[in-house]
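Undergrad: Given chain A, put chain B in place with the hints provided.
In order, the protein sequences belong to chains A and B.
In case it helps, my numbering puts the first sequence at residues 1 to 171.
In case it helps, my numbering puts the second sequence at residues 172 to 342.
Heads up, a few of these hints could be off.
[Claimed, not checked] Simulated restraints on C-beta separations:
(1) SER18/A with ASP276/B: 34 to 44 angstroms
(2) ASP184/B with VAL108/A: 44 to 54 angstroms
(3) THR91/A with PRO301/B: 13 to 23 angstroms
Honestly, the hints are just simulated from the structure, not real lab data.
Computed from a prediction, not measured in an experiment: that's the story for all the values here.
For each residue, glycine too, the CB sits at the ideal point set by N, CA and C.
2 protein chains.
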Amino acid sequence: MAANSAQFPQANDKYVASFGDKGSLALPPARQLIVVTCMDARLDPAAHLGLKEGDAHVIRNAGGAVADALRSIVISQRLLGTREIAIFKHTGCGMLTFTTQQLRDKVVAEQPGDAEVASQVSQIHFHEFPELEGAVKSDVAWLKANPLVLKETTISGWIYEVETGKIRQVV
Amino acid sequence: MAANSAQFPQANDKYVASFGDKGSLALPPARQLIVVTCMDARLDPAAHLGLKEGDAHVIRNAGGAVADALRSIVISQRLLGTREIAIFKHTGCGMLTFTTQQLRDKVVAEQPGDAEVASQVSQIHFHEFPELEGAVKSDVAWLKANPLVLKETTISGWIYEVETGKIRQVV
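Here chain A stands alone, though its shape is the one from the complex (with noise of 0.2 angstroms):
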């Protein structure tokens, strides 16, 4: 089968006859903002939420967990000077459907006899949720007790709905 990746040069080739002037946009965020965010495949956070390139970092990793955003976050505070964080979840999500123990488990069962596996998998909290709500509170409240994160940041929490498109504010 052919890489799926194969198709990014035909669809790249639309996006650079409409490119413009984007090639002058600053490294700094314009809006002084990062997103944080899901991975998930049904989320086009630009397009949701009206960003526009040049406008804000925008994070993403497996249930858009803040813990695992915090390198970044220092780089875009520290040397890119953003001062605001808005975090969404999102319905639907797949951090919903297993625990840490059950996917380490799933791991090793897949990779039997591989100690290499059975101890790297060991040492991964997969940093998953049992209600959408309470993680959103949950990561606002994190970053705000972060001694690594500035104390003038804004931060906000909100759930985007895979079922509607929509987004509201929980913090």
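TA: For chain B alone, coordinates are given in the frame of chain A:
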């Protein structure tokens, strides 16, 4: 100053108005694909790669660092069936401009005498890189050698040019 995120609902209303039937998209990515790329504000990966909602997991962090993406990659592969990873880095990346030690020193200098800050920042490796093409190759090699990444994974490495909007495959 009003929070910048206060502008989200108005932009979101437009997205919702043309949401169509996207509410029925499945959780697993249709193209069985993960894209790893930088958080840089100038990048809109959905636009410049032609990704539609539902197509691919998109992981973004400072520099598109794969080591920082491993937790998300394991979840994506083991629970949601992805079998291809495309790694992007880009020209003009902030990660080319500093070292971990320099950023640690800067953070400590900004919060002098704070032992908690000094301790926490000393534990973060910022995954900067001195040269672009080498960093792409190195990240591809890291994934290929990692025992937690499935052996049958198709892995490619790319560079996005912020000056032109163009992509090119490195490996």
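Undergrad: Does each hint fit the structure? Answer for all of them.
TA: How the hints compare with the structure:
1. SER18/A with ASP276/B: 34 to 44 angstroms: holds, 43 angstroms
2. ASP184/B with VAL108/A: 44 to 54 angstroms: holds, 47 angstroms
3. THR91/A with PRO301/B: 13 to 23 angstroms: violated, 42 angstroms
In this structure, the one hint that does not hold is number 3.
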